[in-house]
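Protein chains in written order, with the UniProt record's numbering: chain G, 1 to 74; chain D, 1 to 74.
Worth double-checking, as some hints may not be accurate.
Because identical chains cannot be distinguished in the list, a pair is counted as satisfied if it fits within a single copy or across any two copies.
Said to hold, decoys possible - Computed cross-link-like contacts, SDA-like style, restricted to lysine to any residue with a CA-CA straight-line distance of at most 20 Å: (1) 11 - 41; (2) 11 - 33; (3) 11 - 53; (4) 74 - 40; (5) 74 - 33; (6) 74 - 29; (7) 74 - 39.
Rather than coming from a laboratory, the hints here were simulated on the basis of the structure.
Protein chains: 2
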Amino acid sequence: MINIKNQEVIKAFGSRVRELRISQNLSQEELANSAGIPISQVGRIERGEINPTLSTIHALSSALNLNIERLFVK
Amino acid sequence: MINIKNQEVIKAFGSRVRELRISQNLSQEELANSAGIPISQVGRIERGEINPTLSTIHALSSALNLNIERLFVK
Numbered sequence: 001m002i003n004i005k006n007q008e009v010i011k012a013f014g015s016r017v018r019e020l021r022i023s024q025n026l027s028q029e030e031l032a033n034s035a036g037i038p039i040s041q042v043g044r045i046e047r048g049e050i051n052p053t054l055s056t057i058h059a060l061s062s063a064l065n066l067n068i069e070r071l072f073v074k
Numbered sequence: 001m002i003n004i005k006n007q008e009v010i011k012a013f014g015s016r017v018r019e020l021r022i023s024q025n026l027s028q029e030e031l032a033n034s035a036g037i038p039i040s041q042v043g044r045i046e047r048g049e050i051n052p053t054l055s056t057i058h059a060l061s062s063a064l065n066l067n068i069e070r071l072f073v074k
């Protein structure tokens with residue numbers, strides 16, 4: 001069971017990924033393909049529905065051409 | 001199956017957690033207790049044996065009193 005505090009972290013991360021994806025004019029499909037993860041997973045991550053692993057977080061940062069810490073800093 | 005690239009990311013993260021923990025003179029047990037995760041999990045994370053989730057990464061950063069991005073930046 002993910003506690004409330006974690007839900008905030010997971011939702012904030014999802015919003016950040018969405019913000020960065022849109023700022024680069026990428027569709028969820030384009031981001032998913034270049035990150036090598038399923039399209040459905042990008043949607044669920046952006047909506048804060050799933051708790052991504054470090055390797056998924058890294059795959060997303062690589063696909064966005066950003067250092068991983070940029071996914072956590074505005 | 002975690003690919004090689006991911007293994008590097010996971011190992012680097014583990015080394016970083018270990019480096020930060022030691023710099024704060026914390027034992028694995030103290031870090032685990034304040035992060036609310038099992039001691040065995042801290043050891044396995046530090047050795048790069050498991051692929052931690054975002055909420056575990058956040059729990060570790062909180063326990064180390066650091067913003068989450070500091071776990072990814074030297």
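Checked hints:
| no. | hint | verdict |
| --- | --- | --- |
| 1 | 11 - 41 | within (14 Å within a copy, 24 Å between copies) |
| 2 | 11 - 33 | neither (22 Å within a copy, 25 Å between copies) |
| 3 | 11 - 53 | both (14 Å within a copy, 14 Å between copies) |
| 4 | 74 - 40 | neither (25 Å within a copy, 33 Å between copies) |
| 5 | 74 - 33 | neither (25 Å within a copy, 30 Å between copies) |
| 6 | 74 - 29 | neither (24 Å within a copy, 33 Å between copies) |
| 7 | 74 - 39 | neither (24 Å within a copy, 32 Å between copies) |
Of the numbered hints given earlier, the model fails hints 2, 4, 5, 6, 7; all others are met.
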